[in-house]
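Chains as they are written, first to last, in full-length UniProt numbering: chain A, 1 to 459; chain B, 1 to 249.
Be careful, since some hints might not be right.
[As the list claims (entries may be wrong)] Subject to a maximum C-alpha distance of 27 Å in a straight line, what follows is the list of computed DSS-like cross-link-like pairs (lysine-lysine): (1) B:K148 <-> A:K343; (2) A:K68 <-> A:K78; (3) B:K151 <-> A:K426; (4) B:K148 <-> A:K88; (5) A:K130 <-> B:K188; (6) A:K74 <-> B:K148; (7) B:K148 <-> A:K380.
If you're looking for bench data, these hints aren't it; they were derived computationally from the structure.
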Amino acid sequence: MATAKNVSPGAALLRSSRMFSMPAPISAPSDLSMATKHKSATATTPFPTHLTVTTPQASRLVGDWGFKRPFPLKTTTKSTLPLVRVRKVDSIEHVTDFRSASDHAITLKKFQEMNLDFTVPQKDDQRPPKSVFEEDADVTALTPEERVKKENIRWRFNGPWLAGMTDGEFNEYLSSTVRGKRTEFRAYLKAQLAADMTNEQNQQAQERAEEAPVPVQSSDISETAFTEHLRQLRQDPVMLFQHVSRFLDLAPLAPEEAAFNRLGALRPNKRYTFSDSPYAANGPPITHPSAGLSYLRTKNYLDNHPIYGPQQRHPPVKARIVTPKNSAANYVAKIGVAGFISKIPEGETSFNFKAGGMYNKNSAIPGLNDFQPDVVGGSKVYVEPQKVTISSTGKVVLGFGATDPSAAVVQKEMVGEGVVFEDAVKETNEALSAQRPMLQRPWAARSRSIMGSSKTYGL
Amino acid sequence: MPPRLSLLDAARQSVSLIRTQACQFSQTASSLAIRRDLRSSTARLMDLDSSSPSSSSSSTSPQQQQQSPRSQPTSAAENVFTIFQRDRNNRRNGGGVAGEQRVGGASSTASELRSKNTAEEYMRQMPRRFNIGDLYAPHDLSPVEAAKHRKITTVQRDLVDLLGLRPQDMYRNFSFISEFITPHGRIKKSYYTGLRPVNQRKLAKAIRRAVGQGLHPSVHKHPEILMRQRNVAGAQTMATGSLGNHYKV
Chain A
1 MATAKNVSPG AALLRSSRMF SMPAPISAPS DLSMATKHKS ATATTPFPTH
51 LTVTTPQASR LVGDWGFKRP FPLKTTTKST LPLVRVRKVD SIEHVTDFRS
101 ASDHAITLKK FQEMNLDFTV PQKDDQRPPK SVFEEDADVT ALTPEERVKK
151 ENIRWRFNGP WLAGMTDGEF NEYLSSTVRG KRTEFRAYLK AQLAADMTNE
201 QNQQAQERAE EAPVPVQSSD ISETAFTEHL RQLRQDPVML FQHVSRFLDL
251 APLAPEEAAF NRLGALRPNK RYTFSDSPYA ANGPPITHPS AGLSYLRTKN
301 YLDNHPIYGP QQRHPPVKAR IVTPKNSAAN YVAKIGVAGF ISKIPEGETS
351 FNFKAGGMYN KNSAIPGLND FQPDVVGGSK VYVEPQKVTI SSTGKVVLGF
401 GATDPSAAVV QKEMVGEGVV FEDAVKETNE ALSAQRPMLQ RPWAARSRSI
451 MGSSKTYGL
Chain B
1 MPPRLSLLDA ARQSVSLIRT QACQFSQTAS SLAIRRDLRS STARLMDLDS
51 SSPSSSSSST SPQQQQQSPR SQPTSAAENV FTIFQRDRNN RRNGGGVAGE
101 QRVGGASSTA SELRSKNTAE EYMRQMPRRF NIGDLYAPHD LSPVEAAKHR
151 KITTVQRDLV DLLGLRPQDM YRNFSFISEF ITPHGRIKKS YYTGLRPVNQ
201 RKLAKAIRRA VGQGLHPSVH KHPEILMRQR NVAGAQTMAT GSLGNHYKV
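Pulled out of the complex, with its shape left as it was, chain A reads as follows (with noise of 0.2 Å):
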């Protein structure tokens, strides 16, 4: 809260006021939706953008949001949880307006209950995912030397990611922000010539046995030296991308290896390294690689079962089948896990099956390929989340994998869909009254039902 000491009672009050101490909202996603034909403005967003307000029941009731005028009752009271996002706290038409928060405030809460850590992406699905929250991939304080060093493992960069730019995007980052730098550029340049200069003289001074010379300044190099360099630099377009991405801290990016390999067939004596980043291929966060929805750094914990101890597995979610394969103009299943449209596993898995693939139509997933109008509720299936990134565009990016079976089964048990355990108990007593029918007898005898007959009118 913003009650500082120092100010007036009354600066105190309105700093504290629900009035003054609502955020401005974040800006809107930048995904390219808004340039399409077909749309709605109020499909909910990939995130949130505004503070979500609540309120006790109490005051709920009569309309006190904590704002300038009381909400009205008819449209705030209807839910069950009080959850309102505020657009305007005072408008010139004189109204507060504000519509229901409770899409990303329930989302937010279902993600959090699947337990998943956010993990670095990875290239090959191999290896374990490793947390962004670890040592050597959490990284935000850095000086400009250790800026080039972790340029591999840090998230953050202060120059856009060119393969997400679109053209006219590009072009607007070349006019506003590059073209004015060119002497900057050439400083840089030539402040880097100098630095490698300097290097190659003191390995050969050091080859020679020799003390080092005078290091080499920038002013030191001639007019005539320098072009000749540039020109070297422009036949060398992965070491001029270097200079520039490090000029102008750009995001890292994943070139088609298999076109380098081809220079360098052509170029024997030069090495080409290419850029490790995680975040290479498909852009770094917009946000903190977790965005802030979990704190968890691992989920390699033991789940307990009340009856059947210690699981090998979390419980798997109940995931729903947003859009069948079989629709219009749509090749994959879009499957909702919590809320958020997942990725498919790759590879031949249940969930991207083919007719002719080893998976037949029995072991298909029903409602995963044609839609199926007469399940209530709409079709779902049992998934293991598995690891969760965030996209470039701010997008939470949820891969799963398929369940396995008794997971799934005492999962259902535990949510009241099917009974397990009570099966097994009652067929276990049956197998012992049926080795044992005197042990039974009793029992039997007096949950005997008396069968009525024309006669004695079931007396």
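Here the structure of chain A is known, so what remains is to put chain B in place on it, guided by the hints.
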């Protein structure tokens, strides 16, 4: 171990092959009668190893006779009629007969096709294309939201700026020009194109130039575009008027 190909079998094979070939061209009753009893040369080749080579040519099983429509002139029609009648009875009774695989298969295919059509009709009511990372709440799966995604709306971002295009250079690009004119060839207002005034003026000039140079028709879209649009279904049911069923968000 006896030789895999007995000499007798090999000889019979070649003879029957010649007989089949001879029968190909003849339509008389006698040749058809020969062909009826004769199995094809491939089938005979497959059976070379079987123990009873005589069974294949001389004695045809009653099942085979019923399946081959040539055995009796009216049997083919009769078979079709019985299958159709059984299928109809099954549909009336609301279930397949357990023993009859073929008939049950036919009706299940029909019902599968019918359910597929129903599913497709439902899916047409949910036009939103979700992307990975999109968020949905119950509201996003409602009919209200689905209807919003079905409407054609104004593009909210300036496409010319976004894509880094120069409208003056686009006078030969008829798909670009067709995007920004009405079906009757009038230049769309910036309200509908979503361009900022500078780009709208440049675009209008490019369209006027293209029309003036005779590169683009003035009263309809380019024929190449029209040819493509002909394949799109549902044009007749759309609202008439220069702007169609346009809906502004």
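Checked hints:
1. Note on B:K148 and A:K343: the hinted pairing holds, with a Cα-Cα distance of about 26 Å set against a maximum of 27 Å.
2. Between A:K68 and A:K78 the alpha-carbon distance is near 21 Å, which keeps this suggested pair within the 27 Å criterion.
3. Under the criterion of a C-alpha separation no larger than 27 Å, the hint pairing B:K151 with A:K426 is inconsistent with the structure, at around 57 Å.
4. Straight-line distance between C-alpha atoms of B:K148 and A:K88 comes to about 24 Å, which keeps the hinted pair within the 27 Å bound.
5. For the suggested pair A:K130 and B:K188, the alpha carbons sit about 53 Å apart, so the restraint of at most 27 Å is broken.
6. Restraint check for A:K74 and B:K148: the C-alpha separation of about 25 Å stays at or below 27 Å, so the hint holds.
7. At most 27 Å may separate the alpha-carbon atoms for a hinted pair to count; B:K148 and A:K380 meet this at roughly 25 Å.
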